[in-house]
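Novice: Below, each chain spelled out in residue letters.
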Amino acid sequence: MPTRTVLQQPDIARALTRISHEILESNRGPADLVILGIPTRGVVLADRIAAIIRDISDGTVDSGSLDVTLYRDDLSRQPTRSPSPTRMPESGIDGRTVVLVDDVLYSGRTIRAALDALGDIGRPRVVRLAALIDRGHRELPIRPDFVGKNLPSAQGERIFVRLQEIDGEEFVSIQGALD
Amino acid sequence: MRHLLSTRDLDREEAIGILDVAEDMAEVQNREVRKLPTLRGRTVVNLFFEDSTRTRISFEAAAKRLSADVINFSAKGSSVSKGESLKDTAQTLASIGADAVVVRHPASGAPQVLAQSDWIEAGIINAGDGTHEHPTQGLLDAFTIRRRLHGRTARGKALDGVSVSIVGDILHSRVARSNVWLLTSLGANVRLVAPATLLPVGVTGWPVTIGYDLDDAIAERPDVVMMLRIQAERMSGGFFPNAREYSRRWGLDDARFNALPPTSIVMHPGPMNRGLEISSRAADSDRSTVLEQVTNGVSVRMAVLYLVLSTGKGPA
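Going down the list, the sequences are from chains A and B.
All residue numbers for the first sequence refer to the numbering used here, where the first residue is 1 and numbers rise by one.
All residue numbers for the second sequence refer to the numbering used here, where the first residue is 1 and numbers rise by one.
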C-alpha cells in the first residue's frame, strides 16, 4: 500500500495560522471566542489555534476539549471506546462563539455527536467548525467553516494525522486502498 | 467487558480503566443536564432476589442517566414466589429483550450461572450474590479512596501503598471480598480486623494481613478504615456474645475515631447501624465518606453499564 505524505510540519503550522486568522476575521476579533478540540488530536490543534490567536490579537481566548464518545451513534458497532476528559473554560460557553476543532472531517458523525454533547453543556451563541483535513464523503448535512486542506480521497484510503505532542512526529499522510 | 461478575477477574489495568471511565461519568454529574444519550434504546433489568434499596436505586439512577430503559424486578410478589426457576425467569427476561441484567441473589454464584448459561444473551452484572462478591461496591470504594487521595488528578492512578483496614463481619461480607481482591490488585495493603468467629476458613490464602484487635489496627495509622455492617439477618449462630460486647471491641466509637490520624478516612458501605459498628460522630464527620460513596456509586455503575453494554453482540 503506497503511503504519500501530503502535509509536512511547516505546512501544518501555516494551515493553523491561516485558520486562526480566518476565525478572528469572521468573529471580528477575539471577543467571546472558545476553541474546543475533539479528542484526541483535535485538542492539540485547538490549543495551538488558541495560542496563535492570543499571539496575533493580544486578546484572551479560552480553549478546552469536548469528548463525544458517550454521544456516538455507533456504540455497539465498534470496540468499546474509553471516553476522554471534557475540559470546559471556567466561564462556560453560554452566549459565546464556540469553534469546534477536529483533525480529519469525514462522515460528519463525530461533529453530530459533538453538537449534541455541546447542547448538554450550554447554549453557545454560534458554533463554527474547523478541521485540519476535509476528506469528503459526508453522511450528514455538515459543512466546515475553516479548513486546513481539502483532500479528496477514496473511501478505502486512510488518512493519518501525526502531531508532535501526541506522536513525537508531525505530518499528514494518505495511504492507498488495498487492491 | 462482556459481564461483571467479580473483582477477582479484574486485573490492575482493567480496574484502573473502569475507574477512569467512572471519572468521566462523575464529571457529567456536575453539569446542568445530567443525562447522556449513550444507552438510548437499551433495556436494563434490575433482577433482585434479595432486598436492597441503595444498590437498586443506584443502578436505576445510573441506567437512567445513560438514557437506558429500566425494568425493576423484585422476587417478592413475582412468579418466583410461585416457584419459578432462575432459568425460566432468565428466559422470560431474554424474551422481553433485556440487554443487561443486574442481578442480586442470595445464592453465591447465581450471576455466574446466568452468564455461563445459554438462557440469556444479555450482559450480566453482579449486584451482590450470597457471601461471594459485590463488585460494583468494591469499585466504588476504590474510586472513593482514589478521589480522596488524588482529587482531580486521579485518572490513571492505582492505590499503591495505601493501607486499608476492613473491620467487622468478614465471614458474611461480599463487600469485604470484592474489596480484598480489587484493592490488592490496585496495590493497596489490606488488613482484615474481626473476631475470629467472623473470619472465613479460607482467609489464610488471601493476600491480606489479619488482626483481631481494632486498637492495634488503629495504632498502625491506616489511611482508610472500612467498617462493615453487622448483618443481623445472617446472624443465626452466636458469633459473638451480644451486640454491646461487639461494639466495645470492634466498633469505631468516639475514642477510637479520635485516635485515628487526622488524614485517615472512614468508610461504610451502608446501611449503618449507628452506635453498633460506628458512632454517629465518626459517621457524620468530614472524614467519613459514607455519602460520597453513594454519589460515587452512581458514577461507577454508569461506567460499568457503559462498558458492558457497549461491548455489543459481536466477539467480546
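It is worth saying that the hints were derived from the structure and are not from the lab.
Mixed in with the good hints there might be a few duds.
[To be verified] If you want a taste of the chain B side facing chain A, the calculated C-beta under 7 Å gives, among others:
no. : residue
1   : D24
2   : N30
3   : V33
4   : L36
5   : T38
6   : T311
[Stated by the list, open to error] Dumping the calculated SDA-like pairs for lysine to any residue here, alpha-carbon to alpha-carbon at most 25 Å:
no. : chain 1 : residue 1 : chain 2 : residue 2
7   : B       : K64       : B       : T92
8   : B       : K64       : A       : S84
9   : B       : K64       : A       : D58
10  : B       : K35       : A       : E165
11  : B       : K157      : A       : S91
12  : B       : K64       : A       : P79
13  : B       : K157      : A       : G64
14  : B       : K157      : A       : R123
15  : B       : K35       : A       : R81
16  : B       : K64       : A       : R87
17  : B       : K35       : A       : S84
18  : B       : K157      : A       : E165
19  : B       : K35       : A       : P89
20  : B       : K64       : A       : L115
21  : B       : K35       : A       : D74
22  : B       : K35       : A       : G64
23  : B       : K35       : A       : D73
24  : B       : K35       : A       : G59
25  : B       : K35       : A       : S91
26  : B       : K64       : A       : V44
27  : B       : K35       : A       : M88
28  : B       : K64       : A       : E165
29  : B       : K157      : A       : I166
30  : B       : K157      : A       : T86
31  : B       : K157      : A       : T40
32  : B       : K35       : A       : I166
33  : B       : K64       : A       : G122
34  : B       : K35       : A       : R123
Here a beta-carbon is modelled for each residue, glycine too, at the ideal position from N, C-alpha and C.
Novice: State for each hint whether it applies.
Specialist: Hints, one by one, checked against the model:
1. D24: holds (4 Å)
2. N30: For N30(B), the interface hint is violated, since the closest Cβ of chain A sits about 10 Å away, which is over 7 Å.
3. V33: Hint holds; V33(B) Cβ to chain A Cβ min 4 Å, cut 7 Å.
4. L36: Cβ of L36(B) sits 5 Å from chain A, so the hint holds.
5. T38: holds (4 Å)
6. T311: Holds - the Cβ of T311(B) comes within 7 Å of chain A, reaching about 6 Å at its closest.
7. K64(B) to T92(B): Holds - the C-alpha atoms of T92(B) and K64(B) are around 22 Å apart, at most 25 Å.
8. K64(B) to S84(A): With a Cα-Cα distance of about 21 Å, the restraint between K64(B) and S84(A) holds, given a limit of 25 Å.
9. K64(B) to D58(A): At roughly 46 Å apart (the allowed maximum being 25 Å), D58(A) and K64(B) break the hint.
10. K35(B) to E165(A): violated (33 Å)
11. K157(B) to S91(A): The given pair, whose Cα atoms are some 29 Å apart, is violated under the 25 Å limit.
12. K64(B) to P79(A): Holds: K64(B) and P79(A) sit about 23 Å apart, inside 25 Å.
13. K157(B) to G64(A): holds (23 Å)
14. K157(B) to R123(A): At roughly 34 Å apart (the allowed maximum being 25 Å), R123(A) and K157(B) break the hint.
15. K35(B) to R81(A): Answer holds: K35(B) to R81(A) is near 19 Å, not above 25 Å.
16. K64(B) to R87(A): holds (24 Å)
17. K35(B) to S84(A): Roughly 17 Å separates the two Cα atoms, so the pair holds.
18. K157(B) to E165(A): Answer holds: K157(B) to E165(A) is near 22 Å, not above 25 Å.
19. K35(B) to P89(A): The given pair, whose Cα atoms are some 20 Å apart, holds under the 25 Å limit.
20. K64(B) to L115(A): Holds. K64(B) to L115(A) sits at ~21 Å (cutoff 25 Å).
21. K35(B) to D74(A): holds (18 Å)
22. K35(B) to G64(A): holds (21 Å)
23. K35(B) to D73(A): Status holds; Cα separation ~16 Å.
24. K35(B) to G59(A): Violated: K35(B) and G59(A) sit about 35 Å apart, past 25 Å.
25. K35(B) to S91(A): holds (22 Å)
26. K64(B) to V44(A): It is violated: about 33 Å lies between the C-alpha atoms, which goes past 25 Å.
27. K35(B) to M88(A): Between K35(B) and M88(A) the Cα gap is close to 17 Å, so the pair holds against 25 Å.
28. K64(B) to E165(A): Violated, because 38 Å separates the two Cα atoms, which is more than 25 Å.
29. K157(B) to I166(A): Cα-Cα ~20 Å, so holds.
30. K157(B) to T86(A): holds (18 Å)
31. K157(B) to T40(A): Measuring from Cα to Cα gives roughly 20 Å; hence the hint holds.
32. K35(B) to I166(A): Violated, because 31 Å separates the two Cα atoms, which is more than 25 Å.
33. K64(B) to G122(A): holds (21 Å)
34. K35(B) to R123(A): Holds. K35(B) to R123(A) sits at ~16 Å (cutoff 25 Å).
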